[in-house]
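Taking our numbering, the leading residue of the sequence shown gets 765, the next gets one more, and so forth.
Everything labelled a hint here was simulated from the structure, so no lab data went into it.
Treat the hints loosely; a few may be bogus.
[To be verified] The calculated lysine to any residue pairs, modelled on SDA-like cross-linking and capped at a C-alpha distance of 20 Å, are: (1) 997 to 895; (2) 787 to 830; (3) 997 to 878; (4) 997 to 888; (5) 835 to 846; (6) 929 to 941; (7) 787 to 993; (8) 968 to 931; (9) 791 to 829; (10) 879 to 850; (11) 929 to 959; (12) 976 to 988; (13) 929 to 911; (14) 884 to 978; (15) 997 to 960; (16) 884 to 997; (17) 929 to 964.
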Amino acid sequence: MAGHSKWAGIKHKKAANDAKRGKVFSKIAKLITVAARDGGGDVTQNPHLKLVVDKAKSANMPNDNIDRAIKKGTGELGSVSFFELVYEGYAPSQVALVVDILTDNKNRTASELRKLFDKKGGTLGSPGSVSWNFETRGVIELPADAIGEEDLMDLVLEAGAEDVKVEDGHLQVLCDPQSFSKVQEAIASANLTPSFAEVARLPKETVTVDNKKKAIKVLNFIEEVEDHDDVQKVSHNLDLPPDLLDQIND
765 MAGHSKWAGI
775 KHKKAANDAK
785 RGKVFSKIAK
795 LITVAARDGG
805 GDVTQNPHLK
815 LVVDKAKSAN
825 MPNDNIDRAI
835 KKGTGELGSV
845 SFFELVYEGY
855 APSQVALVVD
865 ILTDNKNRTA
875 SELRKLFDKK
885 GGTLGSPGSV
895 SWNFETRGVI
905 ELPADAIGEE
915 DLMDLVLEAG
925 AEDVKVEDGH
935 LQVLCDPQSF
945 SKVQEAIASA
955 NLTPSFAEVA
965 RLPKETVTVD
975 NKKKAIKVLN
985 FIEEVEDHDD
995 VQKVSHNLDL
1005 PPDLLDQIND
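All chains should be modelled from the sequences, with the hints used to inform the complete structure.
Here it is as structure tokens:
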């Protein structure tokens, strides 16, 4: 399995402007609304809602926005009609993508994504065409100097973690998605602050692109898909040599 720090770091640096932040808040609000719709508006009784509310807070989303999204989900502020979809396909250079979507109009989203893939050199696939190459895991990362590896292992294995390893200067904890909240709570109880925490699709096999021009084309494609209003997450199996990644990020 590819190391997640390396995998997550393969992206261009983006400007943290108001428009970008507003889009992030809008996407997280959809997640909160759906979580509240499916499991109720009490974060102490709805682990999925707690997970996305924590994500909202880490993104500095205002509490009023969070409360409003919860109330939309519980029906206090009108009905909700979001659909959860998964699209699969390929970016240029045959890099596999799994795209998680929340939309209020399935036909519109399908049409827009199809046009985007066609225009930018990608290919949409059928269900299962690439998802077989990904496994869903809870991923939590901490700075390597935050705690000893053995101490961290003792802490999180009792909470349900599957593995602890050192990856690219980080301590990485992997767990089953159902154990994710408990593992997070165990880490928080030790006054440790993760640098990354997410339930993610991790690639089993990666595609290495070692040509700078081709790599930038793939990265730009992934970013355009990520920026679509209805796209929540893009998982991919792109792997770049460290020196090429440094060149692109400079």
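Consistency of the hints with the structure:
Between residue 997 and residue 895 the alpha-carbon distance is near 14 Å, which keeps this suggested pair within the 20 Å criterion. For the suggested pair residue 787 and residue 830, the alpha carbons sit about 14 Å apart, so the restraint of at most 20 Å is met. Restraint check for residue 997 and residue 878: the C-alpha separation of about 17 Å stays at or below 20 Å, so the hint holds. At most 20 Å may separate the alpha-carbon atoms for a hinted pair to count; residue 997 and residue 888 meet this at roughly 16 Å.
Proposed proximity of residue 835 and residue 846 is supported: the alpha carbons are some 14 Å apart, at most 20 Å. A distance of roughly 18 Å separates the Cα atoms of residue 929 and residue 941; the hinted pair therefore holds under the 20 Å criterion. Taking the CA atoms of residue 787 and residue 993, the gap is near 7 Å; set against the 20 Å cutoff, the hint holds. With a CA separation close to 16 Å, the supplied pair residue 968 and residue 931 stays within the 20 Å bound.
About 12 Å separates the Cα atoms of residue 791 and residue 829, which keeps this hinted pair within 20 Å; it holds. A hinted pair counts as satisfied when its Cα atoms are at most 20 Å apart, and residue 879 with residue 850 qualifies at roughly 17 Å. For a cut-off of 20 Å, the pair hint linking residue 929 to residue 959 stands: about 15 Å separates their Cα positions. A threshold of 20 Å between alpha carbons decides the hint, and for residue 976 with residue 988 the separation of about 18 Å falls inside it, so the pair holds.
Distance hint between residue 929 and residue 911 is fulfilled; the C-alpha atoms sit about 12 Å from each other, no more than 20 Å. Distance check on the hinted pair: residue 884 and residue 978 sit about 12 Å apart at the alpha-carbon level, within 20 Å; holds. Proposed proximity of residue 997 and residue 960 is supported: the alpha carbons are some 15 Å apart, at most 20 Å. Taken as a hint, the residue 884 and residue 997 pair is honoured in the structure, with Cα atoms around 18 Å apart against an allowance of 20 Å.
Under the criterion of a C-alpha separation no larger than 20 Å, the hint pairing residue 929 with residue 964 is consistent with the structure, at around 17 Å.
Hint compliance for this structure: every hint is met.
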